[in-house]
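Just so you know, the protein sequences line up as chains L and F, in that order. So for the first sequence, the numbering used here puts the first residue at 3; every next one is plus one. So for the second sequence, the numbering used here puts the first residue at 4; every next one is plus one.
It is worth saying that the hints were derived from the structure and are not from the lab. All C-beta atoms, glycine included, are put in the ideal place defined by N, C-alpha and C. Do not rely on the hints blindly, as some may be mistaken.
[Stated by the list, open to error] Distance ranges between label pairs, derived from CB positions:
1. L:D372 with F:R87: 16 to 22 Å
2. F:N15 with L:A245: 51 to 57 Å
3. L:A57 with F:G101: 53 to 59 Å
4. L:A245 with F:N20: 32 to 38 Å
5. L:V296 with F:A136: 28 to 34 Å
6. L:V359 with F:N15: 30 to 36 Å
7. L:A245 with F:G101: 40 to 46 Å
8. F:S75 with L:V359: 29 to 35 Å
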Amino acid sequence: MGGVEKQRCIIDFTLSSLLRRKGKNGALLVVYTLVVFLLASVMLFTQAIRKEAAAVLADAPELVVQRIVAGRHDLIPLDYMGKIGAIRGVRAVSGRLWGYYYDPLFGANYTLVVPEEQAGGLGEIAVGQGVARSSMASEGNIMPFHTHDGRLVSLTVARVLPASTELVSSDLILLTAEDFRMLFGVPAGVATDLVVAVANPAEVPTIAAKIARLLPDTRPIARSEILRTYDAAFSWRSGILLAILAGALLAFLIFAWDKATGLSAEERREIGILKAVGWETGDVLAMKFWEGSVISLSAFLAGVVLAYLHVFVAAAPLFEPVLKGWSVLYPRFRLTPSLDFAQLAVLFFLVVVPYAVATIVPAWRAATVDPDAVMRG
Amino acid sequence: MIELLDVHKTFNQGKPNEYVALRGITLAIASCQATVLKGPSGSGKTTLLSILGGMARPSAGRIILSGREITSLPERFLTDIRRRTFGFIFQQFNLIRGISVLENVMLPAYPCGESHSLLRGRALALLELFGLAGRAATRVEWLSGGEMQRVAIARALINDPAVIVADEPTAHLDTKLSGEFLEFMARLKGEGKTIIMASHDPLVCEAGVVERVVEMRDGRVVAGGGAP
Ligand SMILES: Nc1ncnc2c1ncn2[C@@H]1O[C@H](COP(=O)(O)OP(=O)(O)OP(=O)(O)O)[C@@H](O)[C@H]1O
Ligand SMILES: [Mg+2]
Numbered sequence: 003m004g005g006v007e008k009q010r011c012i013i014d015f016t017l018s019s020l021l022r023r024k025g026k027n028g029a030l031l032v033v034y035t036l037v038v039f040l041l042a043s044v045m046l047f048t049q050a051i052r053k054e055a056a057a058v059l060a061d062a063p064e065l066v067v068q069r070i071v072a073g074r075h076d077l078i079p080l081d082y083m084g085k086i087g088a089i090r091g092v093r094a095v096s097g098r099l100w101g102y103y104y105d106p107l108f109g110a111n112y113t114l115v116v117p118e119e120q121a122g123g124l125g126e127i128a129v130g131q132g133v134a135r136s137s138m139a140s141e142g143n144i145m146p147f148h149t150h151d152g153r154l155v156s157l158t159v160a161r162v163l164p165a166s167t168e169l170v171s172s173d174l175i176l177l178t179a180e181d182f183r184m185l186f187g188v189p190a191g192v193a194t195d196l197v198v199a200v201a202n203p204a205e206v207p208t209i210a211a212k213i214a215r216l217l218p219d220t221r222p223i224a225r226s227e228i229l230r231t232y233d234a235a236f237s238w239r240s241g242i243l244l245a246i247l248a249g250a251l252l253a254f255l256i257f258a259w260d261k262a263t264g265l266s267a268e269e270r271r272e273i274g275i276l277k278a279v280g281w282e283t284g285d286v287l288a289m290k291f292w293e294g295s296v297i298s299l300s301a302f303l304a305g306v307v308l309a310y311l312h313v314f315v316a317a318a319p320l321f322e323p324v325l326k327g328w329s330v331l332y333p334r335f336r337l338t339p340s341l342d343f344a345q346l347a348v349l350f351f352l353v354v355v356p357y358a359v360a361t362i363v364p365a366w367r368a369a370t371v372d373p374d375a376v377m378r379g
Numbered sequence: 004m005i006e007l008l009d010v011h012k013t014f015n016q017g018k019p020n021e022y023v024a025l026r027g028i029t030l031a032i033a034s035c036q037a038t039v040l041k042g043p044s045g046s047g048k049t050t051l052l053s054i055l056g057g058m059a060r061p062s063a064g065r066i067i068l069s070g071r072e073i074t075s076l077p078e079r080f081l082t083d084i085r086r087r088t089f090g091f092i093f094q095q096f097n098l099i100r101g102i103s104v105l106e107n108v109m110l111p112a113y114p115c116g117e118s119h120s121l122l123r124g125r126a127l128a129l130l131e132l133f134g135l136a137g138r139a140a141t142r143v144e145w146l147s148g149g150e151m152q153r154v155a156i157a158r159a160l161i162n163d164p165a166v167i168v169a170d171e172p173t174a175h176l177d178t179k180l181s182g183e184f185l186e187f188m189a190r191l192k193g194e195g196k197t198i199i200m201a202s203h204d205p206l207v208c209e210a211g212v213v214e215r216v217v218e219m220r221d222g223r224v225v226a227g228g229g230a231p
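The whole structure should be built from the sequences, with the hints applied where relevant.
What follows is the structure, encoded as structure tokens:
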């Protein structure tokens, strides 16, 4: 019973003692919250971006074969499919049609893809959320397109794709193979690239090597390679954020060190009085521990909540400069909310624990003096 | 009963600024009496008070409290005994600024683990006793000198100690308030408490409540020592 009541009493004193130094503790709380906010924002943001990337890749094929002409990606003849299909371990080969279209009217880039299963009828398209927003198109509207030979054709928006992950479907337009070939002048008998389904994923490198030997003008790309490319792009982005972060953290450390380690004469005197009236060193440390905990926990909670709102509700306005150039399509780029508790735990140990230690150490030094010091004012 | 056996205190032992403040004090202080340590400045009164009250350890010698030797107890036990046995009234009162009168009085009892509401009740009763019930929520820095002194006494009494220790209690008080203080001490002695004060104020040394005056000089007892 005693232990709990004792801590209750000590916490009680801690709170009224914190309220006494409103200015100092208020400033500390604000700066602390700001740092947690920045750190948590970066964390949530990179985490969410990575999740989007993972979603992109989940649907990516195991192995893609491109034709290379003069070092550049070119259209691939469909009769390559026969040669590839004959390789042992290959389950199926199919051609894909996809490309990019720049809409001069809205200044936006779209990704045009012919889905594997026929989705809509001739002259019909399905569009992603971003496309629908930027072109203000909704179901039943028509969208004008410039063909490769300068004509203007209109396709009907039959469907707006659900926004499961924006990054995947935002700039997407799905259309029929016939419309695609007509729009871009891609002749029958060629495709953008080939998708190879492999029976055993462990054989992907072997099969890729065989394809490269069999068809010297092609380049097989395994999913793991795409993964690396994505990773590089994302780590470049988190790299910039990390730099912002390091600055913030440094400023905070200096600030916290100053605030936490420098016990004022007043605080020293108080610790002396507490010891003189019968507090043990441990009781004084418990008080300082609670004091540090109250400040750092409130800052941690406030910072994380603010970061969550910032990243997932306000669409990370602070990181807009970093996001810019991603695509003109993402003016209202919104990430799918997710919280990674392991990462929050890491953040917790990065900011809360050092602070608690920084408050306890000087208090410990002050609290181990003999209590009689207080008898000589 | 508190017994001191050949107590020495040396500050900064072994350093160039070494200073011997107590040179062999042997003294027995009876329970339920008021004792005053008297002597010129620097004679070692404060040092002796803090050693017999368990706040500091002697460099040599022993202290026996109600038959129990406390000199070599570890900090935790010593603090616990000090908290339950001694109530200290400091010269500058040493109240904590910024928090209420009530909280100041409750402070010494926090480490005891008593229920907060019970403790609050006892603290309020003590304030009532000292005519401070109306000031419980006031911050201590708004109090007058006399009120501060009464808060300091109430704080010394919160753990119901057997011994009240006061160092120069009247140094900051005028004659009227000093008289008031001595009346409080008389009342506490009447309730069976032991009073030990350090003072060179004749008002204290010659007060009716005081049974015994121990005179000190240069870290030694020069008069009134030995057994009570
Ligand atoms: N921590 C310390 N370090 C060194 N010397 C000390 C320390 N504390 C006290 N002294 C010295 O010990 C001597 C006795 O001090 P003490 O405070 O006990 O005297 P006192 O009788 O209470 O004097 P006063 O009447 O002025 O309060 C003094 O000369 C003082 O300078
Ligand atoms: Mg003194």
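Each hint, compared with the structure:
1. L:D372 with F:R87: 16 to 22 Å: holds, 19 Å
2. F:N15 with L:A245: 51 to 57 Å: For N15 (chain F) and A245 (chain L) the Cβ distance comes to about 52 Å; the hint holds.
3. L:A57 with F:G101: 53 to 59 Å: holds, 55 Å
4. L:A245 with F:N20: 32 to 38 Å: violated, 53 Å
5. L:V296 with F:A136: 28 to 34 Å: holds, 31 Å
6. L:V359 with F:N15: 30 to 36 Å: holds, 31 Å
7. L:A245 with F:G101: 40 to 46 Å: Holds, at about 42 Å.
8. F:S75 with L:V359: 29 to 35 Å: holds, 33 Å
In the structure shown, a violation is registered for the earlier hint numbered 4 alone.
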